[in-house]
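Sequence lines, in order, name chains A and B. Here full-length UniProt numbering is used: position 41 in the first sequence is 41, and no number is missing along the way. Here full-length UniProt numbering is used: position 90 in the second sequence is 90, and no number is missing along the way.
No wet-lab data here; the hints were simulated from the structure. C-beta atoms are modelled at their ideal positions from N, C-alpha and C, and glycine is treated no differently. A portion of the hints provided could be inaccurate.
Which chain A residues face chain B? A few, computed with CB under 8 Å, are given here [as the list claims (entries may be wrong)]:
| no. | residue |
| --- | --- |
| 1 | V13 |
| 2 | H15 |
| 3 | A41 |
| 4 | M43 |
| 5 | A44 |
| 6 | A139 |
| 7 | V144 |
| 8 | D150 |
| 9 | A170 |
| 10 | G177 |
| 11 | V192 |
| 12 | T207 |
| 13 | A246 |
| 14 | G249 |
| 15 | T252 |
| 16 | D255 |
Listed below, chain by chain, are the residues.
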Amino acid sequence: MTAATGSRVVRHVEHVMGLPVSLALRGRHAGDAAGRAAWRAVMASLHDADRVFSTYRPDSAVSRLDRGELTLDAAPPEVGEVLALAERAERASGGAFSAWRRDPDGRRRLDPSGVVKGWAVERAAAALRALDDTDFCVAAGGDVLGRAEDPDRPWRIGIEDPHDPCRILATVPLRDGAVATSGTAHRGAHVVDARTGRPPADVAAVTVVHRSLTWADIDATAAFAQGADAAAWLRRRVGRTGLVVADDGSVTVLDGSGPISWAQIS
Amino acid sequence: MRRILLWFLTTVSTVVLLFGYKTSTSSALPDETATDPTTPRAAAPTTTSTPPTTGSPSTAGAAALRAGQFTGDAADTRWGPVQTRITVANGRITAVDVVEAPSGNAKDRAINADAVPTLVDETLQAQGADIDMVSGATVTSTGYLESLQSALDQAHAA
Numbered sequence: 001m002t003a004a005t006g007s008r009v010v011r012h013v014e015h016v017m018g019l020p021v022s023l024a025l026r027g028r029h030a031g032d033a034a035g036r037a038a039w040r041a042v043m044a045s046l047h048d049a050d051r052v053f054s055t056y057r058p059d060s061a062v063s064r065l066d067r068g069e070l071t072l073d074a075a076p077p078e079v080g081e082v083l084a085l086a087e088r089a090e091r092a093s094g095g096a097f098s099a100w101r102r103d104p105d106g107r108r109r110l111d112p113s114g115v116v117k118g119w120a121v122e123r124a125a126a127a128l129r130a131l132d133d134t135d136f137c138v139a140a141g142g143d144v145l146g147r148a149e150d151p152d153r154p155w156r157i158g159i160e161d162p163h164d165p166c167r168i169l170a171t172v173p174l175r176d177g178a179v180a181t182s183g184t185a186h187r188g189a190h191v192v193d194a195r196t197g198r199p200p201a202d203v204a205a206v207t208v209v210h211r212s213l214t215w216a217d218i219d220a221t222a223a224f225a226q227g228a229d230a231a232a233w234l235r236r237r238v239g240r241t242g243l244v245v246a247d248d249g250s251v252t253v254l255d256g257s258g259p260i261s262w263a264q265i266s
Numbered sequence: 001m002r003r004i005l006l007w008f009l010t011t012v013s014t015v016v017l018l019f020g021y022k023t024s025t026s027s028a029l030p031d032e033t034a035t036d037p038t039t040p041r042a043a044a045p046t047t048t049s050t051p052p053t054t055g056s057p058s059t060a061g062a063a064a065l066r067a068g069q070f071t072g073d074a075a076d077t078r079w080g081p082v083q084t085r086i087t088v089a090n091g092r093i094t095a096v097d098v099v100e101a102p103s104g105n106a107k108d109r110a111i112n113a114d115a116v117p118t119l120v121d122e123t124l125q126a127q128g129a130d131i132d133m134v135s136g137a138t139v140t141s142t143g144y145l146e147s148l149q150s151a152l153d154q155a156h157a158a
């Protein structure tokens, strides 16, 4: 028996880091004790990430690091891991993405939120990957990670229309990978181009499909921060497909045929 | 099948890593290696296990990279030859292009194409798309109840 033969989908929803986290399970452990234990482990891992990385908690490692009360060496090792990811994203995006931002008073503040969510969900999902013969799909505040063992029964992910979040603009099948979207539909302008400190122009949403949620999330944010250059930048990223929606509603589908994706270039 | 794609990508992983590291050509950034000594560097871009280049530039380090385009020798893989070309400007790799990729690429392309979003026909919208989860701009807990994901969770609730 494989996961695919069990058609019943069991769902869970909880909130952490101010975000709703939804889980769908199907297959052997959907609804059983092992499935519920894995879900508890996911939530425990996310709460742990919140304690370490929250910029809203004055006692988090990141807040203490920001105030200079903690050194990176003394911080939990995952802080260094996340900051290294942020640094790679900053380089790859030509500085549009950054874990640092400026306060109105000019002070440099540490805010790795653009990296933490995808990374934390991917780490937490290890408990779900360990469930044998079980398909899982987890969505955390708009970022989705899933595995479906039967290639003929992928999870079907809907990509929200940034101009009308009650509508679905596109769908993408997910067999083992992630879908992340960055945009302004629900929270307004919260992503800025770190080079200018201003919200990007001419882009409403960027969706990235990639095998790793950590990088799908980072790339969606980094591309979004680049505004009108989002699609051109994403085309150059290896192993990504996705969608860029402009302010005027025009849609660019990225099919992965960028310069690195098998194209004959002479 | 996807593994084949991933395997190939790992064969050029060093190149890709370099690509990921050094694409910041707009150079608004100060020297990356010096900005933040507290942040560990996952890999030094000086280790060039890239294919030997016909232009044979010095491999001593990023600072020693000569400007220009350098095409690596074709490397044989199980799936065919792979050849890459890098572009160097101001001591940085600014582009990595795949000059030649394995010829079995039609299959890989199909796999890749499979993970490409398909636009939903507006006329089908009214009937509701058959989907399991939603990806969208970050939904906060307060916004969640209004969100599509919430509707899905309820619709699928046992």
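Structure-based check of all given hints:
no., hint, verdict
1, V13, "holds, 5 Å"
2, H15, "holds, 5 Å"
3, A41, "violated, 20 Å"
4, M43, "violated, 14 Å"
5, A44, "violated, 18 Å"
6, A139, "holds, 4 Å"
7, V144, "holds, 5 Å"
8, D150, "violated, 14 Å"
9, A170, "holds, 4 Å"
10, G177, "holds, 7 Å"
11, V192, "violated, 14 Å"
12, T207, "holds, 6 Å"
13, A246, "violated, 14 Å"
14, G249, "violated, 12 Å"
15, T252, "violated, 10 Å"
16, D255, "holds, 5 Å"
Consistency note: the structure conflicts with the earlier hints numbered 3, 4, 5, 8, 11, 13, 14 and 15.
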